[in-house]
Amino acid sequence: MLKTVLMQSVDVVNAAAAAASPTPVPTGINTEGLANLLRSVFAPLFLVIVSLVALFFLFTREITRFVQFILLAIAIGVIFYAPNIIEVTARAIAGALGIR
Numbered sequence: 001m002l003k004t005v006l007m008q009s010v011d012v013v014n015a016a017a018a019a020a021s022p023t024p025v026p027t028g029i030n031t032e033g034l035a036n037l038l039r040s041v042f043a044p045l046f047l048v049i050v051s052l053v054a055l056f057f058l059f060t061r062e063i064t065r066f067v068q069f070i071l072l073a074i075a076i077g078v079i080f081y082a083p084n085i086i087e088v089t090a091r092a093i094a095g096a097l098g099i100r
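In the working numbering, the protein residues as written are 1 to 100.
Fair warning: there could be bad hints in the mix.
Derived CB-CB ranges, DEER-like [stated by the list, open to error]:
#, residue 1, residue 2, range
1, I76, T27, 14 to 24 angstroms
2, G33, G77, 29 to 39 angstroms
3, L47, Q68, 17 to 27 angstroms
4, A35, I70, 32 to 42 angstroms
5, F69, P44, 10 to 20 angstroms
6, F59, T89, 17 to 27 angstroms
Worth flagging that the hints you see were computed from the coordinates, not collected in a lab. The structure presented is a predicted model; accordingly, all values stated were derived computationally and were not measured. Here a beta-carbon is modelled for each residue, glycine too, at the ideal position from N, C-alpha and C.
With these hints in hand, go ahead and build the complete structure from the sequences.
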């Protein structure tokens, strides 16, 4: 009987100690969702700038510069809108070459 009482009191003390200990404060800055926020802010701005510059090249009839600019804008846009495509492409190339 004494053993049961002592075991219950130990359980109560352990539960009270666990409840009394503070939860650890997370250290550092929480950057979860930061990339999505930046993408949502700068994506429309990127599209507006690309559109204006492309229209400028079209109206001045600089077709070569227009094509160069559009190709560069597409490359930057793909990296900006789908950043994991670089990793996927690198893994695919490495796999095709037999590199692990």
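Against the structure, the hints:
no., hint, verdict
1, I76 - T27: 14 to 24 angstroms, "violated, 35 angstroms"
2, G33 - G77: 29 to 39 angstroms, "violated, 21 angstroms"
3, L47 - Q68: 17 to 27 angstroms, "holds, 18 angstroms"
4, A35 - I70: 32 to 42 angstroms, "violated, 25 angstroms"
5, F69 - P44: 10 to 20 angstroms, "holds, 19 angstroms"
6, F59 - T89: 17 to 27 angstroms, "violated, 35 angstroms"
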